[in-house]
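Protein chains: 4
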Amino acid sequence: MQEKFKTIGLVVRNDVQSHIETIKQVVSILNNRVDVIIHYLDGGAVDGLMPGVPVENLVKGADLVISLGGDGTLLSTASALVDSNKPLLGVNLGRLGFLADVSILDFEQHLVGILEGRFSVEKRFFIEGTFMKHGKVVSTNIAFNDIIVHAHQALSMIEYEVFSNGDLIHQQRADGIIVTTPTGSTAYALSGGGPIMHPSLETLAIVPICPHTLSNRPIVLPADQIIEISLSKSTTLGKVNYDGQSTQVMDNDHRIKIQRYPQPLTLLHPQDYDYFQILRAKLHWSTNH
Amino acid sequence: MQEKFKTIGLVVRNDVQSHIETIKQVVSILNNRVDVIIHYLDGGAVDGLMPGVPVENLVKGADLVISLGGDGTLLSTASALVDSNKPLLGVNLGRLGFLADVSILDFEQHLVGILEGRFSVEKRFFIEGTFMKHGKVVSTNIAFNDIIVHAHQALSMIEYEVFSNGDLIHQQRADGIIVTTPTGSTAYALSGGGPIMHPSLETLAIVPICPHTLSNRPIVLPADQIIEISLSKSTTLGKVNYDGQSTQVMDNDHRIKIQRYPQPLTLLHPQDYDYFQILRAKLHWSTNH
Amino acid sequence: MQEKFKTIGLVVRNDVQSHIETIKQVVSILNNRVDVIIHYLDGGAVDGLMPGVPVENLVKGADLVISLGGDGTLLSTASALVDSNKPLLGVNLGRLGFLADVSILDFEQHLVGILEGRFSVEKRFFIEGTFMKHGKVVSTNIAFNDIIVHAHQALSMIEYEVFSNGDLIHQQRADGIIVTTPTGSTAYALSGGGPIMHPSLETLAIVPICPHTLSNRPIVLPADQIIEISLSKSTTLGKVNYDGQSTQVMDNDHRIKIQRYPQPLTLLHPQDYDYFQILRAKLHWSTNH
Amino acid sequence: MQEKFKTIGLVVRNDVQSHIETIKQVVSILNNRVDVIIHYLDGGAVDGLMPGVPVENLVKGADLVISLGGDGTLLSTASALVDSNKPLLGVNLGRLGFLADVSILDFEQHLVGILEGRFSVEKRFFIEGTFMKHGKVVSTNIAFNDIIVHAHQALSMIEYEVFSNGDLIHQQRADGIIVTTPTGSTAYALSGGGPIMHPSLETLAIVPICPHTLSNRPIVLPADQIIEISLSKSTTLGKVNYDGQSTQVMDNDHRIKIQRYPQPLTLLHPQDYDYFQILRAKLHWSTNH
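Protein chains in written order, with our numbering: chain W, 1 to 289; chain X, 1 to 289; chain E, 1 to 289; chain P, 1 to 289.
If you're looking for bench data, these hints aren't it; they were derived computationally from the structure. Think of the CB as a built atom: it goes at the ideal place given N, C-alpha and C, for glycine as much as any other residue. Treat the hints with care, since some could be wrong.
[Claimed, not checked] 25 angstroms max Cα-Cα, derived SDA-like pairs, lysine to any residue:
hint, chain 1, residue 1, chain 2, residue 2
1, X, K282, W, I226
2, E, K123, P, E202
3, E, K86, E, N57
[Unchecked claim] Covered, in the sense of this in silico footprint (three residues per stretch, anywhere, with C-beta under 8 angstroms from a C-beta of chain W), are these stretches of chain X:
hint, region
4, 158-172
5, 188-196
6, 199-207
7, 213-223
Working from the sequences, and respecting the hints, build out all of it.
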C-alpha cells in the first residue's frame, strides 16, 4: 500500500507571507518520503522551492493530491480533480475546516499514517450545471458545493420556477435560490437556513435566500432528480454562480439544468476522522453555556 | 388487475356526526363494486352500515385498505398495517392532507381508476424505537412520522446526547429532539424548523425543539444509520413519544435506539398524484402576494 | 375640516399601460372635489391629463399628497416629503400594500371620508445615514424602510462591526446588515428573519443577512440610540443602500452613522384602518389549513 | 451614599453542596461592612451562618437585596421584590448570567464599588397577567420574563386568538404562545425564535412556539398595549405559565389579559456593566470561526 502514493501533488495558497515557512516545512517533510510536485494557486513560486507546474500536469503526475490552505483552497483543488480519479487530502493552514480536516500541527503524523495505508476513503459527488438557451446547451460547469441562481444586483429579488424531473416544485420570489450538495450544506446554504446533510447522502437541498414567501422551507431531494431553474417573466435578469467562483448572466431565454455528476471525488481522511466532531467544533456546539 | 382488490377494508373516523352521511355514501359506492369490511376507529358503528371488525381482522381480510378521515386517521391506519404488506389509500373527509391525498369529492372517480389498475405505488418506511434499560430491551414501538424525546413537562428542558452508529452527534439542551422520517418531515418537525424531505428519500432528520444552543441546526442522516438518544446526567426525567400517540417515561438508565423498520408501507396514489402540488397547496406557496 | 385639503398632489407610477385608465378615473374623481396637481414618477405625462410638475413643486403646492401605485411608489413619495410636514395617503393600484393601504376599489368612498375629516393620523419616523470618511461627513441620506451595509458583490460576505452609542454590539460576518425602522420591518428585513415591529414603536432592529455566526439573532434597540457600522480590516469593500434606491461604495476609511431623523412623516389612514388586518392579509395568516 | 446600603438581604440557593463554602465567604465579606440578613430558597440553613428569615421580612429589612445563584435565583428573588422599591444585585455562582451579571470571582471588588456608590441603576418592568373567567377576575400573577399560554400536554397544539387593545392580532395554531418582556427576550423566547430586545425598551414581543402557520413571525408591540389571549373553540384545554414557575389550567371560558405592571424592578449593575458584552459572551458571538 505504501508505494501507492509515490508522487504527491501539492496545491498551495501562496498569497499569505506568513504561510511561506509552513509550506517549506511541508515540502521538506514530504521530500523525505515521496516525490513532490507543486502548483501555486496564486502564481509565481516560493523562494527555495521547486517551480510550480500547471494544475493539469500536477493532477496527471500525482498519485495523491494535497491541498494546503483552507476549505476554499480545497474547493479550487477539487475542481481540478474532476474526472481524474485521484484522491485528495485537505491540510489546513489556519482554522479547522469542514473539508480541510488535517491540521498542519498533526501533518507529519497523519502523513506517515496515510503513506502506510491508514486512512479512510470518502466519495463525494459533484453537481453539473448545464446552461441552456432556447433549449440548446450554452455551457456546462461543475460545482462541489452549490449552484446558485440569484439577482443581478445585490439586494435585488428574482422570481423563478424550480422543477424536479419536469414537475414544478414552486414559483417563488427571493434574493436567490441555492442548489447544494451535502458538501455544500455546511457552506453558504447553512447561512441561508438550509439543513446539514451528512456527506454520505445522495441528496440535494433547495434553499431559498431571503424568500419573500415566508412559508417557504428548504427541501431535500434525491440527487438523481434533475433540477431545472428558469426565471419568471417578471424577472428579466439574473446570474448563475458555481461554488462562488464564476458567474454567468441569465435571462428569460435561459434555463439551468442541475444534476449529479457521474464521477465522484475521492477524499482521504485520517483514520480518526469524525465528521460529527468537526461539526461540533466548527458550529460551537457544546453544552457549557 | 381489477380482481386484485376484491375486498376493501375501510378504516373510518366516526366521531364527527357530519361525516356519517359521507361514510354511508363511500360504503355505497364501494359496495357496488367490491366487498367491504369496516373498522370504526371511535368504536360503535354507523346506523344502517355493517358492524365493525377489529382492525387486525380488517387488515387480514382486505386486499386494499382505505382510511377515511385525515392525515391522523391515515397515521392510525398505517400503524395497523405494519408487516401486512397490504396497500393503503388515504381519502380525505376535510381539508387536503399530506398523506390522505384523495379528496372525498373525487372519490368515486379515483376509486374506479384504482380498481382498474390506474394508480401509482409508493413505498414509505417506518422507524422502530427500541427502548432499553441498562442495555436490555424494555419495549419496541413503530412510528411512521417521528419519534420524539422530550421534557416530562411542557416548557421544560432536557439535556440529551444523540449518537449515530455509536458516534456522538451532539449533546444539547432543548425542549425535545425529533427524529423524523421523510413522511414526518411535513408534520411536527416542520413546525420545529426541520427541512422538507422528499418521500422517496431513505433519510432521517434530527430536529431539536426550541434548542438552547442557538447555533444548532437540523441534520439529515442516512436512514440506515442507527440513532441513539440518552438523557444527560443533569436531566433525570423525560418522555418518549411515537407519532404523537403514546408516551413512555424515560430516565437516565434508559436509552432509545431508533432505526429504519425493514418492512415498508405501500401507499397508493391516483395517477395524477403530484407531491409538489400538495406541498404548494398545503404550505400556501403561491406568488400572488 | 373639509377646506383643509384644497389642493391634492398626486404622485403616480405611469409606466404600466394598464394603469392609465385608472389614473384618469382617480383624477376625475378628485377634480370634482379639489384642485389637483400631478407628478409622473416615470416622466412624460398621461394623454388627456394635466402635465406633470416636479415633485418639489407638488409637495409645496399640495395640502395632501396621494401616492398612486404600490408600496414602492409610496416609498419614493415619502422621500420627497421629508421636512415638508405634508400628509401622505397611499392608494394601491394592485395588490394590497403594507403602506399603500387604500384599495383603488374603495378610493372614492375613502376620499369622501378623508375630505370630510374622517381619517386617522399616524406618525412614522425616518432614519438618517451620515456617511463619514476619516471622521468627516461625506454625505447624508434619509431612508424610510432601512439602511443596509452589504457586500460589494452578490453572494459575497462582509465582516463588520456595529456599535450602539459607541458600544460594540458585535463583530460579525454576513452578506450584509440591515438597520430597519418599524416601517421597514415588514419589507426586506422580514425576508432576512427580522421581527415585525408595530409602527407606533420608536425602535430600530439590527438584522443580519445570511449571518455566518449561526447564533446571531436580530436585536431591537431604542430608536434614540446612534448606530454606527464600519467594515473590519478583513473586508476592503462594501456598499451602503438606502431604501433599496441608491448605493454608495464603502471602504475601511468609511463609517456610517444611523439615527432617527427628527421630522416624522404623517401618514393618513381611512377610519377603519386596522394594522393587524393588513398583516394577516399580507402574510396569509389564517387558520384554514 | 455609602450609608445607603446599611443592611443587605442575601437570597441564596443552598441546594448545591459545592456552593456552601462560597456562600460562607460571601457572608463573611459582607459582614465586615454591613448588616446581613439571609433567606434560604431551599429551606433549612447553612451550618455556621445565621438562620434564614422569610423572604418578605428580608425584603422589608434590607436596603439592598443580593441574589446569589444564577438567573433562576434572580428571577425568584425579583418576584419577591414586586412593589418593594428595593434594589437588586445578581451575583453569579456558576456561569455568567444575563441577569446575574456579577461574577463571584469579582464579588468583593464590585461590592466595595457598590457600597461606595459606584454603580448604575436600571429599571426593568414586570408584566401582570389577569386571569379571567366569563369576564370576572380569577387571579392575578406577575412575571418578569414571560407569560406563556400552551397546550395542556407536551407536544400538543392549541389554537388561540391574541388581541392587542381589543384588536385581533391573529388566530393561530402552535404548541404555545409567549408574551415576553425585554428581560425575557434572552430567555425562553430566544429558543422559540424571538428577537433580542434591549432592556431599556418598553416593548413586548409575541412569539409563537412551533407555529403551524409557517408564515408566522414574532411581533414586537408597545408595552402599554393590553394583550389578551383566549383559546379557540377547537381547543378545550390549555395552561398558563408565569416565568416558568406556576401554571393554571385554562379553558374556553377563560381569557388572560397581560399588561405592564406599573411598579418596575430596580437592578443594580457594576459601573463597567456592558449589556452587549454579556450578549456576546452568552451567545458565543465572536468572529474567530
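Do the hints match the structure? See the list:
Note on X/K282 and W/I226: the hinted pairing holds, with a Cα-Cα distance of about 24 angstroms set against a maximum of 25 angstroms. At roughly 18 angstroms between alpha-carbon atoms, E/K123 and P/E202 fall within 25 angstroms of each other, so this suggested pair holds. The suggested pairing of E/K86 with E/N57 holds, with an alpha-carbon distance near 13 angstroms, which does not exceed 25 angstroms. Counting residues of the region 158-172 of chain X whose beta carbon lies closer than 8 angstroms to any beta carbon of chain W gives 8, which meets the minimum of three for the stated coverage.
For the region 188-196 of chain X, the stated coverage by chain W is satisfied: 4 residues place a CB nearer than 8 angstroms to a CB of that chain, which reaches the threshold of 3. With 4 residues having a Cβ less than 8 angstroms from any Cβ of chain W, the region 199-207 of chain X passes the three-residue criterion, so the hint holds. Given a C-beta distance limit of less than 8 angstroms, the hint that chain W covers the region 213-223 of chain X holds, as 9 residues qualify and 3 suffice.
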